[in-house]
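Could you slot chain D onto chain C? The hints should help.
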Amino acid sequence: DSGVTQTPKHLITATGQRVTLRCSPRSGDLSVYWYQQSLDQGLQFLIQYYNGEERAKGNILERFSAQQFPDLHSELNLSSLELGDSALYFCASSVEPADTGELFFGEGSRLTVL
Amino acid sequence: AQSVTQLGSHVSVSEGALVLLRCNYSSSVPPYLFWYVQYPNQGLQLLLKYTSAATLVKGINGFEAEFKKSETSFHLTKPSAHMRDAAEYFCAVNSGGYQKVTFGTGTKLQVIP
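Protein sequences appear in the order of chains C and D. End of the first sequence sits at 114 in our numbering; the numbers just go up one at a time, nothing left out. End of the second sequence sits at 113 in our numbering; the numbers just go up one at a time, nothing left out.
Source of the hints: derived by calculation from the structure; they are not laboratory data. For each residue, glycine too, the CB sits at the ideal point set by N, CA and C. Heads up, none of these hints are tricks.
Here are a few chain C residues that face chain D, going by a calculated C-beta distance under 8 angstroms:
1) Gly42
2) Phe45
3) Ala56
4) Leu103
With a Cα cut of at most 30 angstroms, we get these calculated BS3-like pairs of lysine-lysine:
5) C:Lys9 - D:Lys108
6) D:Lys49 - C:Lys9
7) C:Lys57 - D:Lys108
8) C:Lys57 - D:Lys100
9) C:Lys9 - D:Lys100
Chain D extracted, bound-state conformation:
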């Protein structure tokens, strides 16, 4: 069985501040991990993905995430928040098999000017 836990349903940061969104996963096999972003009134789009090639993954819009097996974590970071980063972020895990992706409950990021 696979699962994802996102800590904090809402996160607020000031513009220019560090963004840290937390994600912990559970998987019986080495997983594929994803971060998706959902802007208001839009569908989800892929931000970045971990597929075991490198533990530090860089994505679009300056985001990156680090896979830490010992901590079963895949936290999303961005050094400096921008107003356009305000959105909901979903962590997701896929342990393979029939490619059923399990999503976390999402974290809404608010960026304060």
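Chain C on its own, in the form it takes in the complex:
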């Protein structure tokens, strides 16, 4: 158990809809990262937050947004969903500042868009 909790574990929705994925980081971790894993794209970095502020942005679509709340949990919002958004979405957390960048991953939220 990594200590990172993601909900829901599975989600099935239709094209055009909006969903919210939730992540609770390990106790004491200030940084939260979101990754998308799909068969054709591999593991893609989406966005990072540190203590409530956006720290780094990767290949995140404009239809997607995220935030980190004062209690450090984070939410990833996916809107106007398309079939291609079907993927496994991982949240990870880390201690910041850290000398190694080791990440602790949740078990992921599997999104299926029909």
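Just chain D now, kept in the frame of chain C:
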């Protein structure tokens, strides 16, 4: 800029045989390097990490990796494969800064009984 290249998306070995998963990195500064493992239906977990303390790094489950600066490589090895090693392995690099970790495309290891 930093990047990681994993050679071979699929590797098959017999149980008891040597495991060798290849990783080459690119980084403008001395990097931190990682190997993560993902078992089916699970998240990634850290196998081992290189942080410049020693070039030969030992990890969990009998795995180790050697940092070779001249070859910009960080290959993962295990002397004897076990069925439970079947998983996907990701090499990753972090050149510091905002701690953005870049992952390779992954190598799926199949262990044949």
